[in-house]
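Student: Those sequence lines, one after another, are chains A and B.
Each residue of the first sequence is one higher than the one before, counting from 1 in the working numbering.
Each residue of the second sequence is one higher than the one before, counting from 1001 in the working numbering.
Calculated directly from the structure, the hints in this document are not laboratory data.
Just to be clear, a hint being listed does not mean it is correct.
To be verified - 30 Å max Cα-Cα, derived DSSO-like pairs, lysine-lysine: (1) A:155 x A:138; (2) A:308 x B:1254; (3) B:1249 x A:243; (4) A:243 x B:1027; (5) B:1027 x A:308.
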Amino acid sequence: MSSVLPERRPTDWASPAMQSRIAARYRAERNFRRLGAAALVIAASFLAFLLFTIVRDGWSGFLRTEAKVEVTFTPATLGVDPAAVSGPDGKAVLARADYLALMNEAAKGLGPASGTLSDAAWLGLRDQLLADPALLGKRVTLWVPVRSTIDLLAKGKFDLAAPADSRGVSDREVAAWRWLEQQGRLRTGFNSAFLGNADSTEPELAGIGGAALGSLFTLFITIIIAFPLGVLSAVWLEEYAPKGRLADLIELSINNLAAVPSIIFGLLGLAFFLNIAGLPRSSPLVGGITLALMIMPVIVIAARVAIKAVPPSIRDAALGIGASPIQVVFQHVLPLALPGIMTGTIIGIARALGETAPLLLIGMRAFVTDVPQGLTAPATVLPMQVFLWSDDVQRGFVEKTSAAILVLLVILIAMNSLAIHLRNRFERRW
Amino acid sequence: MNQNPAIGHNSVPKMTARNVNVFYGQKQAIKDVSIDVTSEHVTAFIGPSGCGKSTFLRCLNRMNDTVDGARVEGRIELDAQDIYAPAMDVVQLRARVGMVFQKPNPFPKSIYENVAYGPRIHGLARAKADMDNIVESALRRAGLWDEVKDRLGESGTAMSGGQQQRLCIARAIAVDPEVILMDEPCSALDPIATARIEELIDELRGRYAIVIVTHNMQQAARVSQKTAFFHLGTLVEYDDTSAIFTNPKATRTKDYITGRYG
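Here chain A stands alone, though its shape is the one from the complex (with noise of 0.2 Å):
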């Protein structure tokens, strides 16, 4: 059989063309590692621009500035009678005041300044007042939040060499921010108010406040059921579910309903909670039970994974002695899982809370101005107000939606990094 093969020379390493073989491969290795590091680097850029636009344009959400003004608490001013005031409801008087009528004519005390007090600074008086009713009839000075126009310019947001009519503020205004400065009657702090308020009509006055308690809420309510209804679901899928078509079947749909464009789900929230089952519009409950529904195949999904991956030893183990189905799953499977669980279950939540679509459709993009107080009242998310300030034609929501932008940001970190710790704590080795 090999009478007709040739006999085989020996391998020349060291030729010329086997040189540059191994030359060639050497360079298509460099080549290829600095391909990937320059994808890396385009990759780390576009992160690096995004974070720095929005912290440049949102840091100064955090601020506001506030001018000081001389206020008289005169009772007859405030419409009330001090004899009434000392009585014994005093501060029911008190608190029916009328605070805007005192602010407009402290305001007047501003001088060409006198039109740049925010509509809402009667309540810094009211709350002066209520505070220490002593104050009534004597003359105080205060610090109150000024129009969101005075505030940019304070914060230097506006182009002042620009003509007139394309800078967006009057020379009325630049007039009356330049007398406030030079009366030293200003001063820019941090804006509680932001973190604490819901959203308003007012820059100066919106806050995501009650999107975040929004946010909460919803996401209590999500938690509470994807959470109890994936994990169940993944441990008969793997433990109990016969093996066969119905199986394939079900895999294959959860593998497709993770896949469902979120607004669907929305769709679903719309027709089926608010339309047929008549769960309350807006609501922190529908709007979690919505996006409960929506990552619950990503938890299904997860835990599977997490299930899949404890060895069948253990299994063995516990069964080899005796122990039940039941005890296998809960005392040996399960705490095995956990961390791929939670971490499962922490990137669907951390999906939930940046999602908007769906909760567009269930009504949740409603303007409101108070912060929810429970389950079923009106609320809105913290995305959702994103989108909305985002929309808004007020030049002072600019700096609040990256302000809004970024403290979605720091919690999606923030439970991200909860993700990877309790992976890395939990996680065990054998």
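For this one, chain A is given, so just place chain B on it according to the hints.
Tutor: Just chain B now, kept in the frame of chain A:
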């Protein structure tokens, strides 16, 4: 221990199998096997890979129930009780017929918890002191007590392979079984750890019926009193170990133990 003194006697079988057939789907893994396992004896199952010896072993405590598509026909009895009867409680059966696996598989828990787990789920100890006694005696019988008595709180998975396997034996005997099934218990261990396990099997023989599956014919010769030779799913020969190794009746047995194939 046995309530009936007669059961401990060599002639009375602890477990009997009659005309056992096992199928995985369409494929028949065990063909018409009948065998008796007696107390105070070590019975070795030998045979080439894929001969069905492990499959048959897993029938004796119904571990094949967890395998999809596995079907067992015929009759297997423990103390004259059909273990595949509907009235048989599998949980109780597996407590009475313990198992040690090929790869040491301690739970990722403390050494103490590994041993205490079985007694706890079967409610064998009421007080903490009772449990401590059970754990200590099981670890002593498994020859592990002196090595681990000062570190019972450490993870069972942090020990060496041989210690892990003895921990698994301690875990099995902590529930006070009557039969212990061992599926190639030394195949993942070095020779020193193997020798230690073999000694242990010899010590345990007085108290339990032991069935051991092994690839290693020297091991079968050293530790067992009875040997069953499986080939292609059938039981070729079952006799005293000395008879199998010195004077096998079947040609196939003879070829296998002399290294002609396997």
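Student: Hints first: check each against the structure and report whether it holds.
Tutor: How the hints compare with the structure:
The hinted pair formed by residue 155 of chain A and residue 138 of chain A fails the criterion: a straight-line CA distance of about 33 Å is larger than 30 Å. The hinted pair formed by residue 308 of chain A and residue 1254 of chain B fails the criterion: a straight-line CA distance of about 44 Å is larger than 30 Å. The suggested pairing of residue 1249 of chain B with residue 243 of chain A is violated, with an alpha-carbon distance near 44 Å, which exceeds 30 Å. A C-alpha spacing of about 18 Å is found between residue 243 of chain A and residue 1027 of chain B, which places the hinted pair at or below 30 Å, so the restraint holds.
Restraint check for residue 1027 of chain B and residue 308 of chain A: the C-alpha separation of about 26 Å stays at or below 30 Å, so the hint holds.
In summary, the numbered hints that this structure violates are 1, 2, 3.
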